[in-house]
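2 protein chains.
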Amino acid sequence: MDLKGKLVVAQGGGPTAVINQSMVGVALEARKYPQITKVYGALNGINGIVNQNFVDLSQETTENLELVAATPSSGLGSTRDKPDAKYCEHIFQVFRAHDVRYFFYIGGNDSSDTVRIVNEYAKNNNYDFRAIHIPKTIDNDLMCNDHTPGFPSAARFVAQAFMGINLDNRALPGVHISVIMGRHAGFLAAASAAARLYPDDGPHLIYTPECPFSIDKFIIDVKSVYDRLGRCVVSVSEGIQDKNGTPVLASMMNLATDAHGNVQLSGTGALGELLANKVKEKLSIGRVRSDTFGYLQRSFMGCVSDVDQREAREVGEKGVQFAMNGATEGSVTINRIGNYAVDYRLNPIEDIAAKTKLMPDEFINAESNYVTPAFMDYLRPLLGSGMPEAARLRAPRTEKLN
Amino acid sequence: MDLKGKLVVAQGGGPTAVINQSMVGVALEARKYPQITKVYGALNGINGIVNQNFVDLSQETTENLELVAATPSSGLGSTRDKPDAKYCEHIFQVFRAHDVRYFFYIGGNDSSDTVRIVNEYAKNNNYDFRAIHIPKTIDNDLMCNDHTPGFPSAARFVAQAFMGINLDNRALPGVHISVIMGRHAGFLAAASAAARLYPDDGPHLIYTPECPFSIDKFIIDVKSVYDRLGRCVVSVSEGIQDKNGTPVLASMMNLATDAHGNVQLSGTGALGELLANKVKEKLSIGRVRSDTFGYLQRSFMGCVSDVDQREAREVGEKGVQFAMNGATEGSVTINRIGNYAVDYRLNPIEDIAAKTKLMPDEFINAESNYVTPAFMDYLRPLLGSGMPEAARLRAPRTEKLN
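Residue numbers (the working numbering), protein chains in the order written: chain A, 167 to 568; chain B, 167 to 568.
Hints may contain errors.
If several chains are the same, the list does not tell them apart, and a pair holds so long as it fits within one copy or across any two.
[Claimed, not checked] As a list, the in silico SDA-like pairs of lysine to any residue whose alpha-carbon atoms are at most 20 angstroms apart: (1) Lys170 with Leu524; (2) Lys444 with Asp366; (3) Lys521 with Gly550; (4) Lys204 with Thr564; (5) Lys566 with Cys254; (6) Lys444 with Asp250; (7) Lys446 with Asp527; (8) Lys252 with Tyr392; (9) Lys289 with Gly171; (10) Lys248 with Ile381; (11) Lys409 with Gln475; (12) Lys198 with Tyr293.
Hints in this document: simulated from the structure, not taken from any laboratory.
As the structure is a prediction and not an experimental result, all values here were calculated from the model.
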């Protein structure tokens with residue numbers, strides 16, 4: 167119970183709007199325990215460990231920690247490094263030298279796998295050690311979690327962005343296609359549905375990687391909405407795949423290259439542009455536009471869910487509490503126990519590490535082109551308080567004269 | 167003074183976050199005057215006039231008008247139509263039939279030219295008529311205006327987006343290039359500078375259409391920042407031009423086609439991707455990303471400058487007051503009379519119509535790759551209250567052991 171030594175907290179993978187809440191949750195809680203001799207932050211994830219790039223969070227003011235907690239992106243820096251056996255050896259050389267006995271790694275699937283690997287190394291080498299994974303990912307794709315910190319704020323950004331895109335598209339009608347982050351799981355693209363207030367609001371169509379994407383069906387869907395409303399707003403996950411599991415971008419690029427022998431397309435805007443060009447070509451609609459949300463959706467400053475902030479703080483704090491109460495390893499998970507209330511558990515790291523949760527079938531409609539009311543029930547409480555609402559004129563039409 | 171008849175208000179061109187404030191400013195003020203027999207809103211700009219698609223804003227609740235005022239994008243819909251002689255004839259057939267004597271058109275350069283054309287037609291045809299242009303454009307490029315409604319909120323979005331992009335780039339270092347709206351004037355790309363709090367914060371480089379863009383100089387600039395900081399955040403106007411005035415996108419696409427004979431690039435993401443590919447190719451930097459802000463920057467729901475909201479409301483209200491005090495034509499302009507205070511004037515429409523204001527030289531640095539302190543003094547008060555601020559850890563580095 168009273169394992170004495172230093173604690174290291176680090177952040178891995180893509181930043182989120184609330185990942186610093188978790189880091190500060192760990193730091194503030196850890197600073198209360200006398201057996202934790204120092205609270206270190208490793209800079210740029212595990213890369214900072216092997217290079218001994220630490221900052222001493224025991225010497226940071228509470229006031230500034232709170233300011234950093236409210237700041238998006240990873241305050242300690244991040245990394246895409248993943249440790250192999252040799253890397254692990256380096257980590258533990260450093261851990262031994264500094265007498266580090268507690269390790270908290272805030273991240274997604276890859277980071278949870280890092281915790282598993284590091285912990286295994288500790289066990290195999292009889293190093294008395296506690297390693298806890300703290301969840302984070304805007305993709306919302308961690309197993310055993312109702313949702314993951316970072317997702318609610320990114321979802322809120324996507325919803326607010328679609329409110330604006332819908333209003334823009336209403337003012338200057340046409341087809342608008344937005345490409346949203348999400349290589350395997352479609353939660354974030356699906357969150358665009360929260361923009362809808364009136365029955366004819368966009369998004370009108372949502373495509374996620376969970377359902378095989380057919381370009382022909384897509385064109386039929388767009389035509390159907392456009393014929394009905396004179397406009398169409400579409401939300402698409404970047405990772406949509408065809409029925410063989412090939413990303414649509416890759417399969418359409420090959421198609422294009424085969425047909426014309428000379429088209430090279432790459433980079434962030436390509437999928438949206440490909441889909442927009444197909445709509446133009448097949449439906450002869452003049453005004454077809456695409457946007458790719460890119461990095462804006464994961465660290466925009468000033469669009470955050472208060473529910474997300476609170477929970478991100480708590481998973482960090484709970485992680486330390488679990489470790490101080492004897493847990494030697496695991497991943498803190500968010501569990502929905504009321505509408506809306508959550509509790510936190512410590513799950514075996516193997517249940518989370520390097521696995522991917524997808525959207526369950528009951529969240530996607532039968533046509534595979536929109537979400538269900540069950541998804542909206544799931545999503546709404548996560549978006550937090552003070553969501554803006556769009557208003558429409560209700561003034562009556564006047565009579566035409568001649 | 168007491169010209170009796172109906173009033174028509176309409177919205178033209180690209181939507182902004184506050185264009186409905188101006189529409190509501192016109193409507194609420196106009197409803198006070200008995201000689202204005204009805205306040206009509208034309209749907210989709212002047213297109214709604216020729217098609218007699220009007221809503222009766224005299225029959226709209228004040229409460230709902232206030233809610234619509236706070237909603238981004240054009241609540242009456244918009245248009246890109248520009249009237250020729252025949253179109254004008256249609257407009258006045260409708261105006262005569264409905265006894266419309268006041269016309270308020272909220273828009274940018276093109277819309278102000280429409281007001282000029284319509285007013286000229288009225289004069290030539292002895293139709294007793296008052297037509298006022300109400301300014302609006304995120305491009306901030308209207309003559310005689312200190313700034314234009316819509317720009318401050320778009321600038322705030324861009325600044326908040328760059329705060330996030332800077333923090334993201336700090337966490338996972340590399341080169342990040344963002345492409346911002348602005349075909350002729352670079353104000354909006356320049357507004358990214360408001361994201362900078364610490365001296366090493368991005369954006370580190372800003373390129374606007376006002377200065378000839380050289381790809382070789384750009385590569386040298388990026389290298390210089392990257393060598394110094396290990397990262398580089400760049401803000402670029404979509405309309406950057408080479409020394410011959412050719413848009414960079416067009417000239418580089420031609421180059422690419424000449425060199426490889428087979429590259430087709432088009433659409434929203436192309437400029438950012440071209441620049442990113444050049445950086446990768448010339449500087450061998452692994453992590454180079456680009457984002458194109460697209461429609462998000464002009465109608466994102468939930469990011470607005472309160473200064474902008476107030477002024478957008480006032481230009482509408484003042485427009486009606488000018489007309490009710492005898493003005494027959496003109497464009498309402500914003501004039502800075504204090505730090506920070508503005509007043510409104512009615513300028514001759516010819517001074518604004520179809521002209522473009524560019525960034526003055528004193529707002530751009532000698533190297534043509536950043537803004538000056540004078541620009542920051544100009545910009546800061548426009549962003550409004552409650553701008554978020556990013557905080558950094560200040561915890562001391564620990565000693566390395568071996």
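Each hint tested on the structure:
1. Taking the shortest Cα distances, Lys170 and Leu524 never come within 20 angstroms of each other, neither inside one copy (40 angstroms) nor across copies (64 angstroms).
2. In this assembly of identical chains, the alpha carbons of Lys444 and Asp366 never lie at most 20 angstroms apart, being 24 angstroms within a copy and 43 angstroms across copies at closest.
3. In this assembly of identical chains, Lys521 and Gly550 lie within 20 angstroms of each other by CA distance neither inside one copy nor across copies; the values are 28 angstroms within and 45 angstroms between.
4. Taking CA atoms no more than 20 angstroms apart as the test, Lys204 paired with Thr564 passes between copies only; the shortest distance there is 11 angstroms, against 73 angstroms inside one copy.
5. In this assembly of identical chains, the alpha carbons of Lys566 and Cys254 lie at most 20 angstroms apart only when taken from different copies (18 angstroms versus 78 angstroms within one copy).
6. Taking CA atoms no more than 20 angstroms apart as the test, Lys444 paired with Asp250 passes in neither setting, with 44 angstroms inside one copy and 34 angstroms between copies.
7. Taking identical chains as interchangeable, the C-alpha atoms of Lys446 and Asp527 are never at most 20 angstroms apart, the minima being 31 angstroms within one chain and 41 angstroms between chains.
8. Proximity of Lys252 and Tyr392 under a CA criterion of 20 angstroms is satisfied in neither setting, with 57 angstroms inside one chain copy and 30 angstroms between copies.
9. Only within a single protomer do Lys289 and Gly171 lie at most 20 angstroms apart by alpha-carbon distance; the minimum there is 17 angstroms, versus 87 angstroms between protomers.
10. In this assembly of identical chains, the alpha carbons of Lys248 and Ile381 never lie at most 20 angstroms apart, being 36 angstroms within a copy and 36 angstroms across copies at closest.
11. Taking identical chains as interchangeable, the C-alpha atoms of Lys409 and Gln475 are never at most 20 angstroms apart, the minima being 38 angstroms within one chain and 48 angstroms between chains.
12. With identical chains, the CA atoms of Lys198 and Tyr293 are never at most 20 angstroms apart, being 24 angstroms at best within one copy and 80 angstroms at best between copies.
Checked against the numbered hints above, the structure violates hints 1, 2, 3, 6, 7, 8, 10, 11 and 12; every other hint is satisfied.
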